[in-house]
Every structure is written in structure tokens, then in C-alpha cells.
Amino acid sequence: MKKFLAMTLSLVMALSLVACGSNDEPAPDDGNNQAEQGETIKIAVVLKTLSSEYWRYVESGCKQYQEENPGVEVVVVGPSAESEIEAQVAQIEQQLVDCDAIICAPNDAGAAANALQAALDAGKPVLSVDTNVGMDGQTSFIGTSNVDAAKQGGLWAIEKAGGESKAVIIYGQEGDNTSNMRREGYEAACAELGVEVLDALSGQNTTDGATKTMEDLLNAYPGQIDIVLCHNDDTAIGAMNACETAGVTGVTIVGFDGNKSAAELVRDGKLAATVAQQPVAMGYESVKAAVAAVKGEEVEPVISAPVVVVTAENVEEYLNNL
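Residues in the sequence shown are numbered consecutively from 1, following our numbering.
In short, the hints are calculated from the structure, not lab data.
As the structure is a computational prediction, the values presented were derived from the model and not from experiment.
No residue lacks a Cβ here, since even glycine has one placed at the ideal position from N, Cα and C.
Keep in mind that a hint or two might mislead.
Stated by the list, open to error - DEER-style ranges, computed between Cβ atoms:
1. 317 / 71: 51 to 57 Å
2. 94 / 199: 39 to 45 Å
3. 40 / 200: 45 to 51 Å
4. 145 / 224: 45 to 51 Å
5. 123 / 270: 24 to 30 Å
6. 39 / 199: 41 to 47 Å
7. 64 / 317: 18 to 24 Å
8. 145 / 245: 42 to 48 Å
9. 71 / 321: 28 to 34 Å
Said to hold, decoys possible - Here are the computed lysine-lysine pairs in the BS3-like style, where the Cα-Cα straight-line distance is at most 30 Å:
10. 63 / 212
11. 63 / 260
12. 212 / 295
13. 295 / 124
14. 212 / 260
15. 166 / 124
16. 270 / 260
17. 260 / 160
18. 160 / 270
19. 124 / 160
20. 124 / 63
21. 295 / 270
22. 63 / 166
23. 166 / 42
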């Protein structure tokens, strides 16, 4: 496991070398290249929110690229909650006024695409990070395969709890594409190993929302829940809180995102695992790809970030590298 984790973390470092295609090729000399003229390249980043630990990691990766690359200005914004779809659309529209490219992690892909169309119409590159907008003309998607990653976490949980176990899924915001894909991955793992999914309910992407959802599940299925598969780490912490309050023990709770707070709970034996994404690397690589697109360089349509299931066996190494 330690060898696997080390290999995965090394892949993250390798992303900065290979993700953006032909970055060594000079940009076309059309007289309008901003880098050649010494102009600042302005990249706008509109995330789902800036109110959670995970999205702060993405923001830090974006800012890291700016710090390492003079001549690049990065503005990162996001609404106060992932449920604020209209607020995010308004932020997209505001950022389009003065940027050379825009990166978005959409709360609602359709609503975001409608707002981002103005960027494409103006000839500005549009990229997605973490969650794919998936619109025609998009330059690139930088992120994790949420279906595969959730399936990996689900398979691990079932192997730990046993094949006769029963599971519940606490997914994210209703209609959110990332939530749908993670739910699909968890359900695929359960189907593959013959585990019954008792129920799947939304936790609203928040700790408080997931606490209430888990309380409802414990009341509906007393003594039957062996595994809780969660949309993100905030959701997993909410499920953990509900179990502790109810005096329920022995439940295998798996989070998703690999936040430091969740990894520490894994280390302390309160959560079983978290499926760790690489949000800092995703933020960094998304800005790198956006800058390359502005320069007219080739950018891969999909830039994949690896994941690792953080468990008691590898959590100390993970925290040391985080």
C-alpha cells in the first residue's frame, strides 16, 4: 500500500510535466500574443464555493501557479454554498468582463454553460475543473474520474466490512453531476460484490445536512447499516456525528476528497477511509492549461488526476505528503 501511495503521489507531480500537451512549442506569432507583448494574462476561476476545506485546496493550487509565474494574474471566486446556483452564474458573468480565460467548477452544469457561452462567443478559452461543464467548445476538463474513484472507495469498504454487509449512500446536491457520478460509482461497487443498498439520500453537501440525513437513515434501518458511502468528507463527518450521538458503533464510513480533517479522523479511527483527490494539483493544472490556451498552445481535452483510498494503513504517509 505504501508503494502504491508513493506511486500515486509521484503521478501528481508528473502532471505538471505532461498535462498540457505541447507546452514547449512556441505560441503562434500573430502579433497578438500577450506573453510576447509583456501583457498580464488574466485567468478567472469560479469554484463551487470557497466555504469548504476542499475548495480552499483548489484555490491554493490556482494561486500557487500565479506565484510561480510572473505575468499571470488569477482571480478565484465562489458562492457561499454549493446550492447557490444563481449566485455562481452571476459570478461567472462578472468575471467574463475582464479575463482572458475562465475556469469553472459548476454547481449546475447547464446553468454554468449558458453563462459561459459568452466567453466562447468572445473567443476566450473555457475550462472545467473537478466537475465537467461539458459544453461544446470547451478547451479542457481537469479532474478525477468520479465514477471510478467512488467505485474504488466502495470496493475497499465492502472488503473491509464483508460481503454480507448492507450499505447506505449519502450523496450531494440534488441534480449535481459530480454527486450523480459518485453515487453511480458506489452503486457499481455494491452491485459487483452483491451488497444491498438499503437507501440513498442527499446530505446537501454539508456536515449538518448529512447529520440529519444519517439520523433519518438510522431510524429507518435500525441495526442494519454496516457501510456508509459518502459524497464528500463533510458528509462523512456528518454521518460520523450522527452515529456517535446515537451510540452506533462498528459502521464503516467512507468519505471522499482527502481533506486533512478527514484524514486525521481516519488516523484516529473515527472514519474508515477517505477517497483522496488531488485538489491542489487540479487547481494548479487548470490554470496552467488555461494560460497555455491563451497563448495558443495545444491543451489536452482531458487532464486526469489520480486518487488514492486513504486508510489506517497509509494515512500517516498521506498526511506527511499533504
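Outcome for the supplied range 24 to 30 Å, where the beta carbon pair is residue 123 and residue 270: Given about 50 Å between the Cβ atoms, the range is violated.
Satisfaction of hint between residue 270 and residue 160, Cα-Cα up to 30 Å: Cα-Cα ~15 Å, so holds.
Agreement of residue 63 and residue 166 with the hint, judged by alpha carbon distance not exceeding 30 Å: It is violated: about 43 Å lies between the C-alpha atoms, which goes past 30 Å.
Status of the given 28 to 34 Å range, CB of residue 321 versus CB of residue 71: holds, 30 Å
30 Å limit on alpha-carbon distance, applied to hinted pair residue 260 and residue 160: The hint holds at about 22 Å.
Holds or violated: residue 212 to residue 295, with C-alpha atoms at most 30 Å apart: violated, 49 Å
Hinted pair residue 166 and residue 124, Cα distance within 30 Å: Distance of about 49 Å is beyond 30 Å: violated.
C-beta pair residue 145, residue 224: status relative to the range 45 to 51 Å that was hinted: violated, 31 Å
Cβ separation of residue 64 and residue 317, checked against the hinted range 18 to 24 Å: holds, 22 Å
Pair hint residue 63 and residue 212, alpha-carbon separation not exceeding 30 Å: violated, 35 Å
Given pair status - residue 270, residue 295, alpha carbons within 30 Å: Measuring from Cα to Cα gives roughly 48 Å; hence the hint is violated.
Pairwise hint evaluation, residue 63 against residue 124, where the allowed Cα distance is 30 Å at most: holds, 20 Å
This entry does not satisfy hints 1, 4, 5, 6, 8, 10, 12, 15, 19, 21, 22, 23, going by the numbered hints stated previously.
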